[in-house]
Every structure is written in C-alpha cells, then in structure tokens.
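> Going down the list, the protein sequences come from chains V and U. The first sequence begins at 1382 in our numbering and counts up one residue at a time. The second sequence begins at 1382 in our numbering and counts up one residue at a time.
Quick caveat, the hints were computed from the structure, so don't treat them as lab data. Ideal Cβ positions, reconstructed from N, Cα and C, are used throughout, including at glycine. Careful: at least some of the hints might be erroneous.
[To be verified] Simulated DEER-style distance windows between Cβ atoms:
#1 U/Asn1401 with V/Asn1401: 38 to 46 Å
#2 V/Lys1429 with U/Gln1483: 26 to 34 Å
#3 U/Glu1480 with V/Gly1448: 50 to 58 Å
#4 V/Ala1537 with U/Gln1510: 38 to 46 Å
#5 U/Leu1507 with V/His1430: 40 to 48 Å
#6 V/Asp1400 with U/Arg1551: 36 to 44 Å
#7 U/Ala1524 with V/Ala1524: 54 to 62 Å
#8 U/Lys1541 with V/Ile1443: 39 to 47 Å
2 protein chains.
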Amino acid sequence: MKFCSECAHPVSLIIPPDDNRPRFVCNQCGVIHYQNPKMVIGSIPLWKHDDETRVLLCRRAIEPRRGYWTLPAGFMENNETTADAAVRETSEEAGARIELHQLFSMLNVPHVHQVHMFYMATLLDLEYQAGIESLEVKLFTEAEIPWDDIAFPTIAHTLKFLFSDLDRIRKEGGSFNFHTLDIVKPMRAPG
Amino acid sequence: MKFCSECAHPVSLIIPPDDNRPRFVCNQCGVIHYQNPKMVIGSIPLWKHDDETRVLLCRRAIEPRRGYWTLPAGFMENNETTADAAVRETSEEAGARIELHQLFSMLNVPHVHQVHMFYMATLLDLEYQAGIESLEVKLFTEAEIPWDDIAFPTIAHTLKFLFSDLDRIRKEGGSFNFHTLDIVKPMRAPG
C-alpha cells in the first residue's frame, strides 16, 4: 500500500496512538488502513458407491500451483456466510451440486495471512465439470489420491484427516471429528 | 474506496473479466482491489469456584456499543493464528491470563462482512483488569448476566450456548459442543 484509498495522498507505516503495531496511515486525512487475514473456504464432496468412498478434487488451471490438485475452495466474499462460500466455490470450480454438512477442518496459515476451512459435503449427482479455474475434476478413492501433486498443505492435511476419520468410523462407528491445525512456515536457516 | 492504493489514480466499481461480481479496479494500472470478510476472535474465560461457573465479561469503553458488555474479542491480525488472536484480545481487553481450549462457537454476520469465533478458556488467576478499550471487567454467574446490556447478538448467542451446554453437562455429563449460527439481518419492511 502506497497511497490512501480515500484521498490519494501517500501513506506511512506507523504505530497509531493507542495501538501496538504498524499500520498504513494517511499523511493527509489520517485514515488508518487496517489489513487483516482472509478466509479460504471449501468443501469435501464425497460420493459413496459399492462400499467405497470417493472425494472430488480439482486440478488447478491458475497460479499459484497450476496443474496441482485441490479441494474446491476459494476466498470468502463479502455478504455471504462461510457455508455460502463453500457451496459457491464448489459450484464455480467443480460445477458440482452438493448437500453441505458440518465444518470439518480449520487450518491457520499465519505466514500468508489466511485461515482455511473445509465443510463435509455429499455430491448430489455425477454431473460435475471443470469451471474456468480448473483443468479437470475427478473422483478419487483413498488409494488413488495423488499425494505428490496436492496443491497446498491445508488440502493434504484435510484429506489425511478425512481418510483417518473414515477408517475409524468403518472400524468403530461414530462420526467425523472437527479438526484444527496451524501450518507454521519452517524458520529460515541462520546465515 | 475512491483511489488506487498502488498508484493513486481513481478506481471504478466494475465486474472484471472472468469474474462475476463488482470490484474496485484501478482505471490507470488495472489492479483489482478485493474486499473480503474479517474475523473477530475472542475467548470465553471461565472461573469455577464453590461449584459455580462464572464467565468474564468486559464493558466496552469504545464505540460501537460503548457501555455494553462483551466477551473479550477483536479483529484477528495478520501473522497470527485464530488461537493467538483469542489470547491476545483477552490480554488486551481484560488484562486476563487464560489457558485456551477448543473452538466453541462460529457465528456468521454476513451483512457486516464478519465471522465471529469464540474459544473455551480457563481463567488462570483473578488478576484481571480493564484494558484501554474496556470500562470494567467482571465475573458473572448465569443468573447475573446483564442480558439487556450485551453488546452484540453473537455474544448473547455464545453465552446462551455456553449456559445450555453447562446445564446439560451438569445433568448428563459429556462435553461442550461446537456451535455454529448465521446472524441474518431482518429484512427491511416494505414501503
């Protein structure tokens, strides 16, 4: 941020009075421009058939991580709820109709100022198709998941939580847990 | 938003190519300025004594809702996790040291572009004191909660969830649930 979005004068990065961290403050009109983390919301669309559970993944058509696989997800928009965002992103990226269930995972990614959330979902039919931000959309069993080609750590962790819960439920019954995790960037090596 | 924060030229509210909703786009450099919901994170600091559970509330020293009671909470900052934010806000607003537990409630408030989250917490001592954004900080039993003077609906709902869970746990055992709710603004009356 270089200029005030209210009056177009230059901003300075200073700690305002009664605050404790640097903010972009307009040198002319004094407006403080706060910057806050964003939410990335998606779904885990499941399809059960022949006693086998498959999950719908999208191969990204855009950077970052073009060509890699992800759950349908994206930035939450103003004027919608987290559940609205999950359904919308699943429709936009995977052309998929779902029934949305409970929140399944929440993963903090503080070094990129993001919180990722994924909802359990049931795929309502097999009429899915890649949206403009996807190269292809495909159902995967656990054995078929392309672990080396998953776009982001939050997706890999959420899929691990999913298959771990499915395995437990198959053996012992019960229901899905709610999973939380902080993805901390490795510290840079000294020197 | 009136001017581009990158180049200071005027912005226009238009739907960019490959998008489906209006964004502020710079008429000069073409940068798209996305605006997204913010997270408000807080804690539910509990103190158990003589078989009675008390919750710590803060009376707001700032607008909006100055003079009304709230759980310690505030906007999540960049470079922190949701749990970091809950601990920091509890320290800043209530001067309180807590042990943070699991996420207890998530409430969407789409008409103000916010998602509120509250974590269960245990107060570690009684050395709390009002921070600069609070007029006073005080422990309340369920019977003492000032229901008519609660600052925001998300706080009132979270406190209702809390005492409902405490009552169930007292009678039947078990543990706290995770609660989600959408706070939808009443539609304006026609005419």
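> Hint by hint, say whether it matches the structure.
Okay, the hints, checked on the actual structure:
1. U/Asn1401 with V/Asn1401: 38 to 46 Å: With Cβ atoms ~39 Å apart, the hint holds.
2. V/Lys1429 with U/Gln1483: 26 to 34 Å: 29 Å, holds
3. U/Glu1480 with V/Gly1448: 50 to 58 Å: 44 Å, violated
4. V/Ala1537 with U/Gln1510: 38 to 46 Å: 44 Å, holds
5. U/Leu1507 with V/His1430: 40 to 48 Å: For V/His1430 against U/Leu1507, whose Cβ atoms are near 58 Å apart, the range 40 to 48 Å is violated.
6. V/Asp1400 with U/Arg1551: 36 to 44 Å: 42 Å, holds
7. U/Ala1524 with V/Ala1524: 54 to 62 Å: Holds, at about 57 Å.
8. U/Lys1541 with V/Ile1443: 39 to 47 Å: 43 Å, holds
Of the hints listed earlier, those the structure fails to meet are numbers 3, 5, in rising order.
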